[in-house]
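Protein chains: 4
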Amino acid sequence: MPTREDRFSFGLWTVGWPARDPFGDATRPSLDPVETVHRLAELGAYGVSFHDDDLVPFGSDDDARRKTIERFRQALADTGLVVPMATTNLFTHPVFKDGAFTSNDRAIRRYALRKTMRNLDLAAELGARTYVFWGGREGAETDAGKDVQAALDRYAEALDLLCSYVVDRGYDLRFAVEPKPNEPRGDILLPTVGHALAFVATLDHADMVGLNPEVGHEQMAGLNFTHGLAQALWHGKLFHIDLNGQRGVKYDQDLVFGHGDLLSAFFTVDLLEHGGWCGGPGYDGPRHFDYKPLRTESVDGVWASAAANMRTYLLLKERAAAFRADPEVADALRAAKVAELGRPTLADGETYRDLLADRSAFEDFDVDAAGAYGYGYVRLNQLAVEHLTGAR
Amino acid sequence: MPTREDRFSFGLWTVGWPARDPFGDATRPSLDPVETVHRLAELGAYGVSFHDDDLVPFGSDDDARRKTIERFRQALADTGLVVPMATTNLFTHPVFKDGAFTSNDRAIRRYALRKTMRNLDLAAELGARTYVFWGGREGAETDAGKDVQAALDRYAEALDLLCSYVVDRGYDLRFAVEPKPNEPRGDILLPTVGHALAFVATLDHADMVGLNPEVGHEQMAGLNFTHGLAQALWHGKLFHIDLNGQRGVKYDQDLVFGHGDLLSAFFTVDLLEHGGWCGGPGYDGPRHFDYKPLRTESVDGVWASAAANMRTYLLLKERAAAFRADPEVADALRAAKVAELGRPTLADGETYRDLLADRSAFEDFDVDAAGAYGYGYVRLNQLAVEHLTGAR
Amino acid sequence: MPTREDRFSFGLWTVGWPARDPFGDATRPSLDPVETVHRLAELGAYGVSFHDDDLVPFGSDDDARRKTIERFRQALADTGLVVPMATTNLFTHPVFKDGAFTSNDRAIRRYALRKTMRNLDLAAELGARTYVFWGGREGAETDAGKDVQAALDRYAEALDLLCSYVVDRGYDLRFAVEPKPNEPRGDILLPTVGHALAFVATLDHADMVGLNPEVGHEQMAGLNFTHGLAQALWHGKLFHIDLNGQRGVKYDQDLVFGHGDLLSAFFTVDLLEHGGWCGGPGYDGPRHFDYKPLRTESVDGVWASAAANMRTYLLLKERAAAFRADPEVADALRAAKVAELGRPTLADGETYRDLLADRSAFEDFDVDAAGAYGYGYVRLNQLAVEHLTGAR
Amino acid sequence: MPTREDRFSFGLWTVGWPARDPFGDATRPSLDPVETVHRLAELGAYGVSFHDDDLVPFGSDDDARRKTIERFRQALADTGLVVPMATTNLFTHPVFKDGAFTSNDRAIRRYALRKTMRNLDLAAELGARTYVFWGGREGAETDAGKDVQAALDRYAEALDLLCSYVVDRGYDLRFAVEPKPNEPRGDILLPTVGHALAFVATLDHADMVGLNPEVGHEQMAGLNFTHGLAQALWHGKLFHIDLNGQRGVKYDQDLVFGHGDLLSAFFTVDLLEHGGWCGGPGYDGPRHFDYKPLRTESVDGVWASAAANMRTYLLLKERAAAFRADPEVADALRAAKVAELGRPTLADGETYRDLLADRSAFEDFDVDAAGAYGYGYVRLNQLAVEHLTGAR
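Chains R, Y, A and G supply the protein sequences, listed in that same order.
When we follow the working numbering, the leftmost residue of the first sequence carries the number 2, and every step to the right adds one.
When we follow the working numbering, the leftmost residue of the second sequence carries the number 2, and every step to the right adds one.
When we follow the working numbering, the leftmost residue of the third sequence carries the number 2, and every step to the right adds one.
When we follow the working numbering, the leftmost residue of the fourth sequence carries the number 2, and every step to the right adds one.
Mixed in with the good hints, there may be bad ones.
Identical chains blur together in the list; that is why a pair holds if it fits in one copy or across any two.
[To be verified] Straight-line distance between alpha carbons at most 20 Å, and here's what the computed SDA-like set of lysine to any residue pairs gives:
{"hint": "1", "residue 1": "Lys318", "residue 2": "Ala76"}
{"hint": "2", "residue 1": "Lys338", "residue 2": "Arg107"}
{"hint": "3", "residue 1": "Lys68", "residue 2": "Leu44"}
{"hint": "4", "residue 1": "Lys318", "residue 2": "Thr4"}
{"hint": "5", "residue 1": "Lys338", "residue 2": "Gly372"}
{"hint": "6", "residue 1": "Lys338", "residue 2": "Pro58"}
{"hint": "7", "residue 1": "Lys68", "residue 2": "Ala340"}
{"hint": "8", "residue 1": "Lys338", "residue 2": "Ala305"}
{"hint": "9", "residue 1": "Lys68", "residue 2": "Leu127"}
{"hint": "10", "residue 1": "Lys338", "residue 2": "Val300"}
{"hint": "11", "residue 1": "Lys68", "residue 2": "Arg5"}
{"hint": "12", "residue 1": "Lys338", "residue 2": "Ala78"}
If you're looking for bench data, these hints aren't it; they were derived computationally from the structure.
Small disclaimer: the values here were computed from a predicted structure and weren't measured.
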């Protein structure tokens with residue numbers, strides 16, 4: 002049973018998804034955000050996140066907006082739930098069909114900036130510490146007609162301006178860019194963790210912009226999610242995370258965490274909780290679930306699925322702790338020379354000249370002997386499988 | 002018929018591939034690099050690239066090495082072919098089975114550095130201007146046993162050291178990292194253009210390290226190759242390129258350029274030759290083919306396939322030029338507001354305060370009207386298809 | 002410019018798609034089917050197909066239904082358009098969220114049968130000759146909870162019953178099952194051309210059930226669409242076809258035909274028009290487009306995209322005819338021994354005993370010489386590329 | 002610890018793989034088949050399978066062949082190991098580079114038949130009951146040059162002839178076709194379980210030809226392996242199985258069973274052991290592992306990996322038995338109406354006329370109520386995850 006200390010959070014749009022898909026109508030009623038806050042609190046979550054339009058329907062007048070926010074704030078106060086993260090819906094309305102910050106239409110880009118600034122104010126007011134940018138419509142289906150270099154210019158212009166805004170207003174907010182390779186656009190800009198890392202490094206306020214990687218989005222490109230997290234951590238850029246499940250390279254599934262590639266989920270939790278084997282950092286932010294309850298489920302199933310995310314995370318956390326503590330694992334790690342990768346290749350103070358002079362490094366190095374060594378990765382991986390399956 | 006001015010180059014390992022695959026023995030004899038140089042020259046190529054072991058078989062003694070290099074140099078002199086690029090084989094010998102610069106075994110990392118430095122000397126001597134790093138063995142099949150953060154530390158350490166070496170020696174060489182998502186390792190470090198861009202930005206000599214993207218490698222992750230090139234250009238990092246063909250997300254096919262996704266190849270050539278529609282740069286380095294003649298081909302077929310790469314490139318170049326010059330295309334670009342993306346979203350000198358004060362940007366903006374606009378991307382793409390098929 | 006003789010047809014739901022996607026609202030108004038009929042006729046199409054609910058909105062009363070049908074029939078009469086194919090919508094309403102013929106809920110299965118029978122009557126009345134079954138909801142996201150063997154029993158039961166119905170009523174209709182690997186379900190039953198071929202062979206009225214393969218659906222599984230068509234033809238089961246475009250293994254894109262893998266589209270048209278090189282059959286049914294105009298397009302763009310499908314088909318048809326007629330292609334085919342595959346491996350009347358006695362087949366066979374032969378497939382494929390690009 | 006009763010078997014080529022891959026040389030020595038037999042027996046396997054050339058190197062003379070077979074037979078006698086399955090290597094030698102039974106070269110097709118007949122004799126002599134056909138070279142990289150319809154004719158001709166041979170000789174052998182989508186050819190004929198099922202149904206001796214599905218091969222096409230098995234079982238065609246692991250759509254990995262998609266492996270074992278929930282059959286043949294020990298492993302690691310396959314299978318079998326026995330699972334199955342799918346949609350003796358007359362099936366059916374039902378698949382899947390992780 003999860004507690005607040007586990008810092009689990011959910012998007013309003015996750016449990017609140019009415020289960021409309023490209024081939025079918027909604028199968029569930031919309032949920033009242035206030036009810037969602039109460040149910041999540043009962044289930045043991047500590048936080049709730051939102052897009053502007055999840056909370057306040059698009060096109061609401063100021064008065065309705067104020068009242069909606071007030072009710073929501075009260076629900077937070079009543080339950081103790083926090084808002085660790087917020088974001089902007091820049092994808093549902095037809096106006097964004099060719100992008101928001103990178104729409105070919107300049108007026109739409111300006112509108113997108115204003116819509117975002119407005120919600121930044123609300124995010125700050127509600128205490129959010131991270132603001133996510135998922136550019137789901139920033140992309141194209143055809144290679145003609147979208148100048149990617151110009152689009153990146155505009156994307157950077159937008160984030161630079163919004164950073165300045167946040168800084169000037171004194172908001173305690175960091176930005177997190179969420180990559181995705183495709184869907185709903187044929188190809189989305191910043192398609193992977195890597196592309197987003199490269200991009201954010203060029204921004205004016207690069208220090209306050211990091212990433213929000215999502216399990217399924219990386220796996221839609223056939224990439225190793227845990228490797229992506231590790232590289233983001235290496236760059237100091239794992240600002241937030243979206244946990245869910247995906248069964249391979251196909252449409253975006255947003256399954257319950259652990260209901261996709263379970264072995265990969267185990268290693269993801271292991272990395273988040275413990276960091277790298279050689280001392281690299283783990284992650285201490287919210288464990289945020291960005292999933293969709295299956296379209297076959299009723300509202301009861303929605304809450305069961307929310308609980309399932311947290312329960313599986315805690316299970317994997319327990320299994321990962323046992324894996325780390327197992328002496329046989331330690332022995333296999335030694336055999337695989339895992340810790341040796343943490344040691345610099347050159348000795349302290351050694352230069353390339355010293356290396357060139359070291360005959361043991363090349364002229365006298367026995368490549369065949371070194372090539373015959375067995376690292377025992379299968380044994381190590383099997384130990385992981387056995388811990389994951391509770392067999393050790 | 003290609004000429005030297007087209008600057009086509011081929012790896013020795015491409016036409017020279019003896020067509021051994023994971024399930025089958027070699028179907029062709031090895032080629033003598035000297036013969037390769039002569040044949041490529043006859044076909045109209047201007048350059049040839051190599052891994053150290055392509056030219057000088059692994060384990061050759063110094064005398065044999067010297068003689069081999071001398072013969073090769075003579076062939077270059079006889080034909081006028083240049084060596085625009087060279088690289089290191091850090092993947093064939095069993096010693097590299099767990100990686101080279103990121104092997105868990107520190108002695109192997111040191112050996113890999115030495116092997117690379119030795120070939121850097123030769124590359125410089127032969128006049129190469131780009132030195133490629135494809136880390137095909139830098140990766141893992143299992144998530145246990147390879148600390149990715151530590152591996153990135155070691156990768157960076159290696160490139161930093163090698164940059165220093167090149168700088169100190171006064172070599173006129175730049176580095177180009179070549180990403181690949183998987184194969185021969187289950188997951189390879191720096192799996193995409195994005196991950197490599199992010200990584201190289203952190204290096205001590207970041208300015209002298211760029212990328213060598215390959216068509217097939219990006220497409221193995223389902224990514225849009227032309228988009229990847231555009232982002233590399235945007236970062237100023239398209240130092241070299243590997244052209245070939247791939248038929249979707251599967252094993253690495255290394256087909257002839259254009260024999261994979263032909264429409265994508267058209268847009269790739271268009272970008273390389275003309276840059277972005279809004280003025281972003283194109284590419285002016287060697288048009289390098291990194292492909293493998295099918296295993297079903299005899300040596301005659303090898304040379305036919307080499308010629309096919311160049312012929313298709315030139316065809317696409319011609320088609321792309323006509324596409325750019327077509328008034329109907331210009332009209333479709335206008336309708337799609339393509340150039341408008343080149344214009345900053347904020348006016349010159351405009352601040353976020355001005356934007357907030359601009360009621361036309363938000364309060365008075367007619368989202369429904371803007372959302373109803375038809376960009377006409379299908380028309381534009383159809384014009385591309387018709388140019389590509391020679392129908393306009 | 003297409004003519005009726007080209008037999009191009011479109012689904013009402015294709016041009017009529019209002020461009021709602023999983024992340025966005027509709028960007029276009031609904032089209033009146035009567036207007037669609039007129040516009041398609043003007044563009045040169047000869048046929049229009051429909052799901053029951055495309056024509057008559059779900060839940061319409063009998064009177065509204067009658068009137069709608071009457072208007073539609075009049076439009077057909079006015080334009081001369083025919084209805085070559087019809088199908089049932091068994092996926093949009095929430096009742097089908099766990100399947101139609103294979104829903105775990107028996108009452109829903111019965112309802113699905115009734116809904117289909119009702120539309121079979123209409124299809125027959127409007128002169129359709131093919132009735133398509135796309136089981137988009139027949140599948141699952143999780144492996145627990147859906148007994149696939151039982152589901153196949155129910156699927157077969159449904160088709161057997163519907164076949165009997167058609168036979169008894171004397172309708173001149175054949176069935177065509179349309180495979181798809183996933184989306185909207187995580188895994189769909191009968192995911193590929195192969196699975197559907199195997200399934201239909203087991204039916205009571207196997208002769209009247211064939212396939213309706215779709216370009217994108219096969220390519221979503223990374224399969225070669227032209228190969229799939231060839232196998233369907235080999236089984237005598239290519240009853241209908243859905244042409245469109247897809248850019249690799251990802252969500253279902255439904256692009257314009259030729260806007261995906263263009264080289265594959267060329268070979269598809271070549272096969273449909275000319276059959277196999279060794280005399281196997283081609284296809285003589287409607288050239289049916291099942292695509293979606295991009296969400297970025299207005300209604301003008303919709304009609305431009307409809308025209309683009311037909312224009313590209315005709316272009317590829319012209320290119321394929323030239324390819325077939327080129328003497329150099331004939332020479333390359335000879336070199337590749339293509340026709341030899343049409344010749345049985347055993348001589349007329351030869352038995353395995355004769356083969357065993359033939360020392361030239363084994364004991365005296367020179368495997369190395371035979372293995373050294375160059376088939377020249379690259380040359381042949383390059384000739385195709387050059388024909389496709391109008392360069393020959 | 003496995004026992005003979007578990008009926009685990011391994012290919013000689015699995016543990017014996019010397020770990021040569023497309024980019025690297027062998028990292029391990031070849032294993033003597035006799036040693037392999039002894040080691041597998043010690044580890045608890047009951048069977049060993051082989052390609053002709055695994056056992057007797059290609060090109061051996063008759064005398065060497067006889068001696069090799071004799072030593073192998075003695076090892077079987079000494080250990081009690083059986084040979085449940087054998088197969089032909091029709092892919093390694095260059096002669097097969099364009100296919101074996103479907104090579105464009107008729108003489109090669111004849112040679113392939115003879116090579117197979119020779120090994121059928123040996124297979125029968127050694128007591129094998131299943132003979133596998135993996136047509137790894139039956140395919141193409143380009144769509145020109147391979148007439149797929151003619152290729153299927155030749156494939157069928159080959160299997161028909163070989164069936165006759167087996168029948169005439171009185172061998173107690175069944176055939177099992179093994180599908181694979183690609184690699185080493187760009188596209189392989191009979192790419193999935195479905196395509197192979199459809200094909201074998203057309204053969205002269207269809208009853209004696211079934212399938213040998215492999216985990217990784219189906220997953221390389223993004224397909225659900227357990228679904229594929231279920232369809233094969235439904236057709237009565239699951240004659241043999243190849244268990245291993247694959248991490249998504251990429252090159253063929255041949256990982257240890259369970260080291261790929263573990264949740265899918267759980268459901269595979271559940272189906273094999275228990276059959277469908279509604280009473281459909283499971284599988285009672287050998288549990289055959291077709292995997293490759295990682296290239297990073299020494300010979301010790303090879304045997305550890307062989308043991309890991311069996312250990313994981315037994316673990317999953319235990320977990321699946323507990324899942325089937327759990328009353329809460331039974332409750333969730335009831336809620337999901339799983340058993341109801343086993344009940345025919347029409348009542349006993351009911352006709353379509355009766356169904357048409359049943360107003361409760363359509364006119365009076367409350368689609369909205371039925372559409373609102375929650376099946377609770379997430380709960381059921383979560384119970385599976387918890388059983389798999391040993392948490393229940």
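Consistency of the hints with the structure:
Taking identical chains as interchangeable, the C-alpha atoms of Lys318 and Ala76 are never at most 20 Å apart, the minima being 30 Å within one chain and 47 Å between chains. In this assembly of identical chains, Lys338 and Arg107 lie within 20 Å of each other by CA distance solely across copies; the values are 9 Å between and 55 Å within a copy. Taking CA atoms no more than 20 Å apart as the test, Lys68 paired with Leu44 passes in neither setting, with 26 Å inside one copy and 53 Å between copies. Proximity of Lys318 to Thr4 under the C-alpha cut-off of 20 Å is restricted to the intra-copy arrangement: shortest distance 14 Å within a copy versus 34 Å between copies.
In the homo-oligomer, the alpha carbons of Lys338 and Gly372 lie at most 20 Å apart inside one protomer (14 Å), although the nearest pairing across protomers, at 44 Å, exceeds that limit. Taking the shortest Cα distances, Lys338 and Pro58 never come within 20 Å of each other, neither inside one copy (55 Å) nor across copies (30 Å). Taking the shortest Cα distances, Lys68 and Ala340 never come within 20 Å of each other, neither inside one copy (56 Å) nor across copies (42 Å). Within a single copy, Lys338 and Ala305 get their C-alpha atoms only as close as 43 Å, which misses the 20 Å cut-off; across copies the closest is 18 Å, which meets it.
For the identical chains of this complex, Lys68 and Leu127 are intra-copy neighbours only, at 14 Å inside a copy versus 55 Å across copies, given an alpha-carbon limit of 20 Å. Proximity of Lys338 to Val300 under the C-alpha cut-off of 20 Å is restricted to the inter-copy arrangement: shortest distance 18 Å between copies versus 50 Å within a copy. In the homo-oligomer, the alpha carbons of Lys68 and Arg5 never lie at most 20 Å apart, since the shortest distance is 28 Å inside one protomer and 60 Å across protomers. In this assembly of identical chains, Lys338 and Ala78 lie within 20 Å of each other by CA distance neither inside one copy nor across copies; the values are 51 Å within and 41 Å between.
Of the numbered hints stated above, those contradicted by the structure are hints 1, 3, 6, 7, 11 and 12, listed in ascending order.
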